[in-house]
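Enquirer: Here is what each chain is made of, one letter per residue.
2 protein chains.
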Amino acid sequence: MTLKIALAQTNFLVGNIAANVDNIIKAANYARDELGADIIVFPELTITGYPAEDLLLRIDFIIEANNAVYQLADCIAGIAVVVGFPEREGNKLYNSAVVLHQGVKLACYRKQALPNYGVFDEQRYFTAGDRSCVFEFNGTFIGLTICEDVWKSGIIDATKQAGAELLLTINASPFNSGKIHQREAIVCQQVKAAQIPLVYVNQIGGQDELIFDGASFVVDAQGRVVFRAEEFKEQISVVEFDGGNPVAHDLASLYSEISSEYQALVLGIKDYVRKNGFKGAILGLSGGIDSALVLALAVDALGPDKVEAVLMPSRYTQDMSNEDAVLEAKALGVKYHIIPIEPAVNAFTGMLAEAFAGTAKDTTEENIQARCRGVILMALSNKQGKLLLTTGNKSEMSVGYATLYGDMAGGFAPIKDVPKLLVYQLANYRNTLSAVIPERVITRPPSAELARDQIDEDSLPPYDVLDPILERYVELDQSAEEIIAAGFRREDVARAISLVDRNEYKRRQSPPGVRITSRAFGRDRRYPITSGYRGIS
Amino acid sequence: MTLKIALAQTNFLVGNIAANVDNIIKAANYARDELGADIIVFPELTITGYPAEDLLLRIDFIIEANNAVYQLADCIAGIAVVVGFPEREGNKLYNSAVVLHQGVKLACYRKQALPNYGVFDEQRYFTAGDRSCVFEFNGTFIGLTICEDVWKSGIIDATKQAGAELLLTINASPFNSGKIHQREAIVCQQVKAAQIPLVYVNQIGGQDELIFDGASFVVDAQGRVVFRAEEFKEQISVVEFDGGNPVAHDLASLYSEISSEYQALVLGIKDYVRKNGFKGAILGLSGGIDSALVLALAVDALGPDKVEAVLMPSRYTQDMSNEDAVLEAKALGVKYHIIPIEPAVNAFTGMLAEAFAGTAKDTTEENIQARCRGVILMALSNKQGKLLLTTGNKSEMSVGYATLYGDMAGGFAPIKDVPKLLVYQLANYRNTLSAVIPERVITRPPSAELARDQIDEDSLPPYDVLDPILERYVELDQSAEEIIAAGFRREDVARAISLVDRNEYKRRQSPPGVRITSRAFGRDRRYPITSGYRGIS
Chain A
390 MTLKIALAQT NFLVGNIAAN VDNIIKAANY ARDELGADII VFPELTITGY
440 PAEDLLLRID FIIEANNAVY QLADCIAGIA VVVGFPEREG NKLYNSAVVL
490 HQGVKLACYR KQALPNYGVF DEQRYFTAGD RSCVFEFNGT FIGLTICEDV
540 WKSGIIDATK QAGAELLLTI NASPFNSGKI HQREAIVCQQ VKAAQIPLVY
590 VNQIGGQDEL IFDGASFVVD AQGRVVFRAE EFKEQISVVE FDGGNPVAHD
640 LASLYSEISS EYQALVLGIK DYVRKNGFKG AILGLSGGID SALVLALAVD
690 ALGPDKVEAV LMPSRYTQDM SNEDAVLEAK ALGVKYHIIP IEPAVNAFTG
740 MLAEAFAGTA KDTTEENIQA RCRGVILMAL SNKQGKLLLT TGNKSEMSVG
790 YATLYGDMAG GFAPIKDVPK LLVYQLANYR NTLSAVIPER VITRPPSAEL
840 ARDQIDEDSL PPYDVLDPIL ERYVELDQSA EEIIAAGFRR EDVARAISLV
890 DRNEYKRRQS PPGVRITSRA FGRDRRYPIT SGYRGIS
Chain B
390 MTLKIALAQT NFLVGNIAAN VDNIIKAANY ARDELGADII VFPELTITGY
440 PAEDLLLRID FIIEANNAVY QLADCIAGIA VVVGFPEREG NKLYNSAVVL
490 HQGVKLACYR KQALPNYGVF DEQRYFTAGD RSCVFEFNGT FIGLTICEDV
540 WKSGIIDATK QAGAELLLTI NASPFNSGKI HQREAIVCQQ VKAAQIPLVY
590 VNQIGGQDEL IFDGASFVVD AQGRVVFRAE EFKEQISVVE FDGGNPVAHD
640 LASLYSEISS EYQALVLGIK DYVRKNGFKG AILGLSGGID SALVLALAVD
690 ALGPDKVEAV LMPSRYTQDM SNEDAVLEAK ALGVKYHIIP IEPAVNAFTG
740 MLAEAFAGTA KDTTEENIQA RCRGVILMAL SNKQGKLLLT TGNKSEMSVG
790 YATLYGDMAG GFAPIKDVPK LLVYQLANYR NTLSAVIPER VITRPPSAEL
840 ARDQIDEDSL PPYDVLDPIL ERYVELDQSA EEIIAAGFRR EDVARAISLV
890 DRNEYKRRQS PPGVRITSRA FGRDRRYPIT SGYRGIS
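Residue numbers (our numbering), protein chains in the order written: chain A, 390 to 926; chain B, 390 to 926.
Wrong hints could be hidden among the right ones.
Below, a list of computed lysine-lysine pairs in the BS3-like style, where the Cα atoms sit at most 25 Å apart [said to hold, decoys possible]:
1) B:K393 x B:K581
2) A:K494 x A:K549
3) B:K750 x A:K695
4) A:K481 x A:K393
5) A:K750 x B:K772
6) A:K581 x A:K659
7) A:K415 x A:K622
8) A:K659 x A:K750
9) A:K724 x A:K695
10) B:K393 x B:K622
11) B:K659 x B:K750
12) B:K393 x A:K724
13) B:K695 x A:K750
14) A:K724 x A:K772
15) B:K541 x A:K481
16) B:K750 x B:K724
17) A:K541 x B:K481
18) A:K750 x B:K724
19) A:K549 x A:K581
20) A:K772 x B:K750
21) B:K695 x B:K719
22) A:K622 x A:K568
23) B:K719 x A:K668
24) B:K668 x B:K695
25) B:K415 x B:K695
26) A:K750 x B:K541
27) A:K581 x A:K695
28) B:K541 x B:K481
29) B:K750 x B:K695
30) A:K393 x A:K695
If you are wondering where the hints come from, they were derived from the structure by calculation, not from laboratory data. This structure is a prediction, so every number in the text was calculated from the model and none was measured.
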């Protein structure tokens with residue numbers, strides 16, 4: 390028996406059940422009529438979107454989602470549909486996959502492995518299922534699994550033992566750099582051991598801090614990837630199976646690591662703006678590398694007519710910064726304003742003169758400059774309904790080298806999970822597509838330009854020392870002694886770690902941004918602000 | 390056999406293992422020498438503090454905590470000690486209670502019920518234990534349980550079945566309004582059913598958004614509370630047991646609801662300032678009820694010499710606002726500044742004139758005023774190392790009636806979980822202790838004073854309508870239809886709910902504050918920003 394299975398790599402909106410149902414119906418009709426598919430498989434929790442977080446605690450929301458499944462069953466004919474939904478039974482909730490065909494539920498599977506680490510909180514919402522699920526369709530016995538199930542050993546085996554000849558896996562597997570290789574390697578290894586072909590459908594799209602990269606795939610019983618959908622694109626593809634074995638051989642090639650990181654950032658901006666209904670984006674353009682990269686990302690995500698740049702020079706801004714910022718805006722074809730901040734800085738200096746009498750200048754005066762820029766940018770954002778993008782990178786977020794309500798002001802922080810060295814690599818990568826970032830911006834020493842002749846290295850270890858220390862401490866949870874043993878100087882490690890420890894309060898108030906590493910700040914790294922822990926003494 | 394058990398209701402710092410160990414030793418020696426205790430019982434996860442959040446994912450931290458237990462065993466003699474710690478075995482972590490006596494581990498219990506709802510993420514870190522634990526001490530058979538264990542049915546029974554005559558329960562049970570009654574009722578009911586006396590030791594203190602209220606207690610086998618320690622105070626008390634039965638009868642009386650709420654807020658400010666090493670606190674004083682209450686709370690927490698108020702009038706500030714703000718500062722004996730914001734507002738107006746040419750006035754101009762105040766307050770905070778307290782209440786946080794980086798700027802938001810109507814009740818309550826808030830501040834209609842003759846009711850339903858709707862929607866997860874059915878007007882419900890839905894992005898960037906309701910914003914209510922969910926259409 391041959392069977393045509395459509396992989397629906399969709400980008401749905403969390404929480405919008407009615408729209409998601411409409412999109413499921415459209416996609417199913419398309420797969421049936423245009424692709425001749427017998428079955429169409431959607432991503433995990435299709436109906437609610439993933440992750441719906443505490444919406445899943447609302448009874449009204451859950452009832453609507455469960456009703457939607459019945460509605461779907463009535464609306465689709467001539468094709469079987471596999472969709473994910475939060476299944477309610479009594480006062481329990483399951484993360485389930487249901488097979489609908491000709492108006493009836495053919496099968497329903499409850500996810501057994503519920504991830505509760507990293508960005509995942511599934512045990513907050515769901516009860517784990519306790520059994521395999523296999524259904525017969527046109528003579529083929531098909532097993533169902535959901536995401537984490539196929540990362541754990543045992544569940545694929547048990548499903549095969551229960552009679553499955555072919556596995557369908559629905560997923561919401563978030564991107565991070567290198568994740569696609571890890572994902573395919575683990576699934577292929579499991580499939581090879583169990584000798585059962587597997588269809589892996591992943592969602593795509595940005596959802597707050599998470600990016601889902603798609604790259605759905607099919608593995609044959611020998612553990613070889615024989616089909617792969619594109620990364621970072623919505624796509625409905627069809628794969629033919631004969632007696633449970635895939636006969637298609639259509640492999641989208643994988644992007645390079647730097648290219649996939651760039652595309653993840655672009656998709657993150659695009660979906661945050663689109664899904665939240667902003668009219669476009671604005672950002673402060675300083676002439677530095679961070680804002681240059683964010684501008685390029687924003688234009689690639691939204692188009693030049695939706696993006697606006699603001700230059701806000703002060704007495705400490707070098708001429709080359711202004712020149713380069715103008716060059717960037719012109720190269721990308723965006724509208725820009727120039728609004729010097731001196732009048733506001735002077736006003737605040739005067740207003741605070743009495744209270745500050747007799748005190749020495751310190752970072753307070755630097756922060757005032759950054760906050761004047763924040764006020765200007767937020768005013769432009771408020772007036773126009775455009776999203777303010779902040780331009781801080783992960784290295785700065787880690788050590789608190791940023792001003793709360795100043796350069797940290799904004800609705801979305803595209804590169805908050807991009808370490809400084811990667812900022813340079815991404816800038817260089819973007820310039821290989823078309824030259825938009827002046828070379829001088831990439832080569833000059835980075836500076837916040839909040840004091841005369843200031844450069845970042847006055848306050849921080851050089852980034853080629855700082856970034857690897859931060860990766861070890863923040864992403865890998867290594868101890869100070871382990872990092873020192875790996876060859877870093879004790880004083881650099883001590884400085885970096887103590888800054889990370891002390892700046893949790895700033896990160897707690899930072900806007901969301903795109904997660905591209907294996908551990909971002911935010912839901913992924915939940916540290917107390919009030920803490921006596923010191924990573925190094 | 391008689392047995393003297395000390396209840397160590399302690400306030401330890403999360404993450405500071407070395408200091409916590411020192412404090413355990415001091416408390417144990419005190420209980421042995423001054424109270425004649427045979428056993429001293431500390432709260433849950435004593436050694437690390439609770440909740441240590443993702444510090445628990447650091448191997449170095451866990452090793453240090455496990456080593457600390459051995460160290461403790463060596464340092465304490467002549468008294469048995471029950472402490473909580475994150476017990477590591479292989480690559481698993483347990484939330485454990487260990488009994489140390491004369492240098493050896495007498496018993497070790499692993500928590501069986503791991504809460505993973507509300508503010509709790511214990512399944513992120515811990516593996517559940519699977520058995521009861523009973524040890525013999527001076528002829529008495531004592532069972533161990535930990536917090537959530539005694540909220541679930543079955544575990545107390547099983548521990549009694551395993552031979553326990555007396556139960557020790559170590560806890561980190563956070564405060565919310567009315568929680569103490571719920572806590573005692575549930576424990577007493579379970580104890581009465583199982584007919585076994587129970588010692589309940591709770592920690593006290595503020596930890597970021599959580600307040601632990603202490604109020605440790607002892608229940609006899611008939612389910613009667615026969616001893617209760619004070620609420621909101623560190624305290625080491627001793628209770629005598631004869632053949633497992635408590636003979637002491639010393640009951641601290643319970644505070645009224647309003648008094649306990651007030652004390653929770655005071656403790657929250659006090660511990661955030663103290664544990665994070667701030668030199669004091671500052672706040673903007675508007676002449677409105679919210680800042681008046683926060684000022685009183687701050688002074689009660691820190692003393693008048695550690696608190697500073699800033700009046701920042703604009704052209705829209707009424708004279709009575711300035712007069713009342715000065716009266717408040719004087720009544721509480723705090724230093725105050727008066728810094729009119731016109732110079733900065735005028736500067737920004739001029740700087741934005743070109744960009745805003747041809748546009749109509751809207752909330753942008755109101756936000757600029759609020760943000761000028763934010764810049765002033767942050768400058769004073771930065772210069773002096775004093776914590777900036779924001780003064781927004783829960784009603785405002787719910788509907789987004791606040792300016793990001795404006796009145797929302799600050800390190801701690803004491804009343805962010807206090808609905809507006811409760812703000813009034815707390816202000817009246819505080820005035821019964823001593824008159825510090827002018828009557829006019831309580832009786833005049835609330836206003837943000839960001840435009841001429843503005844009052845809150847121009848933009849929002851009256852608070853006696855709004856607050857109950859918000860409680861139902863935010864805290865109880867009721868649907869719009871349920872709320873309407875309870876007697877509220879559809880347009881009020883629709884307005885309130887849609888504002889809550891749309892303002893998650895603001896809340897995500899708000900500072901932490903004291904949780905006093907059964908559901909606060911923050912870790913307690915995890916909503917997506919990007920969401921198509923609309924609670925009402």
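Enquirer: Now tell me if each hint is right for this structure.
Expert: Right, here's what the structure says about each hint:
1. Restraint check for B:K393 and B:K581: satisfied, since their Cα atoms lie roughly 22 Å apart, inside the 25 Å limit.
2. Between A:K494 and A:K549 the alpha-carbon distance is near 21 Å, which keeps this suggested pair within the 25 Å criterion.
3. Distance check on the hinted pair: B:K750 and A:K695 sit about 23 Å apart at the alpha-carbon level, within 25 Å; holds.
4. With a CA separation close to 35 Å, the supplied pair A:K481 and A:K393 exceeds the 25 Å bound.
5. Only pairs whose Cα atoms come within 25 Å are accepted, and A:K750 paired with B:K772 is accepted, the gap being roughly 9 Å.
6. Distance hint between A:K581 and A:K659 is unfulfilled; the C-alpha atoms sit about 38 Å from each other, more than 25 Å.
7. With a C-alpha separation of about 17 Å, the suggested pair A:K415 and A:K622 falls inside the 25 Å cut-off, and the hint holds.
8. For a cut-off of 25 Å, the pair hint linking A:K659 to A:K750 is broken: about 41 Å separates their Cα positions.
9. Straight-line distance between C-alpha atoms of A:K724 and A:K695 comes to about 9 Å, which keeps the hinted pair within the 25 Å bound.
10. Distance hint between B:K393 and B:K622 is fulfilled; the C-alpha atoms sit about 21 Å from each other, no more than 25 Å.
11. The hinted pair formed by B:K659 and B:K750 fails the criterion: a straight-line CA distance of about 41 Å is larger than 25 Å.
12. With a C-alpha separation of about 77 Å, the suggested pairing of B:K393 with A:K724 is violated against the 25 Å cut-off.
13. Between the alpha carbons of B:K695 and A:K750 the distance comes to roughly 23 Å, so the proposed pair stays at or under 25 Å and holds.
14. At most 25 Å may separate the alpha-carbon atoms for a hinted pair to count; A:K724 and A:K772 meet this at roughly 16 Å.
15. Straight-line distance between C-alpha atoms of B:K541 and A:K481 comes to about 17 Å, which keeps the hinted pair within the 25 Å bound.
16. Distance hint between B:K750 and B:K724 is unfulfilled; the C-alpha atoms sit about 36 Å from each other, more than 25 Å.
17. Annotation: proposed proximity of A:K541 to B:K481 holds, straight-line Cα distance about 17 Å (limit 25 Å).
18. Taken as a hint, the A:K750 and B:K724 pair is honoured in the structure, with Cα atoms around 23 Å apart against an allowance of 25 Å.
19. For the suggested pair A:K549 and A:K581, the alpha carbons sit about 12 Å apart, so the restraint of at most 25 Å is met.
20. Taking the CA atoms of A:K772 and B:K750, the gap is about 9 Å. The hint holds against a cut of 25 Å.
21. This hinted pair checks out: B:K695 and B:K719 have alpha carbons roughly 14 Å apart, not beyond 25 Å.
22. For the proposed pair A:K622 and A:K568, the alpha carbon gap of about 16 Å is at most 25 Å, so the pair holds.
23. Of the pairs offered as hints, the one joining B:K719 and A:K668 is violated, with about 48 Å between alpha carbons and a cut-off of 25 Å exceeded.
24. The straight-line distance between the Cα atoms of B:K668 and B:K695 is roughly 7 Å, inside the 25 Å bound, and the hint therefore holds.
25. In summary, the hint linking B:K415 to B:K695 is not supported, as the alpha carbons are separated by about 30 Å, beyond the 25 Å threshold.
26. A C-alpha spacing of about 58 Å is found between A:K750 and B:K541, which places the hinted pair above 25 Å, so the restraint is violated.
27. The suggested pairing of A:K581 with A:K695 is violated, with an alpha-carbon distance near 48 Å, which exceeds 25 Å.
28. With a C-alpha separation of about 23 Å, the suggested pairing of B:K541 with B:K481 holds against the 25 Å cut-off.
29. A threshold of 25 Å between alpha carbons decides the hint, and for B:K750 with B:K695 the separation of about 40 Å lies outside it, so the pair is violated.
30. Proximity of A:K393 to A:K695 is assessed by CA-CA distance (about 41 Å); at most 25 Å being required, the pair is judged violated.
Hints 4, 6, 8, 11, 12, 16, 23, 25, 26, 27, 29 and 30 from the earlier list are contradicted by this structure; the remaining hints agree with it.
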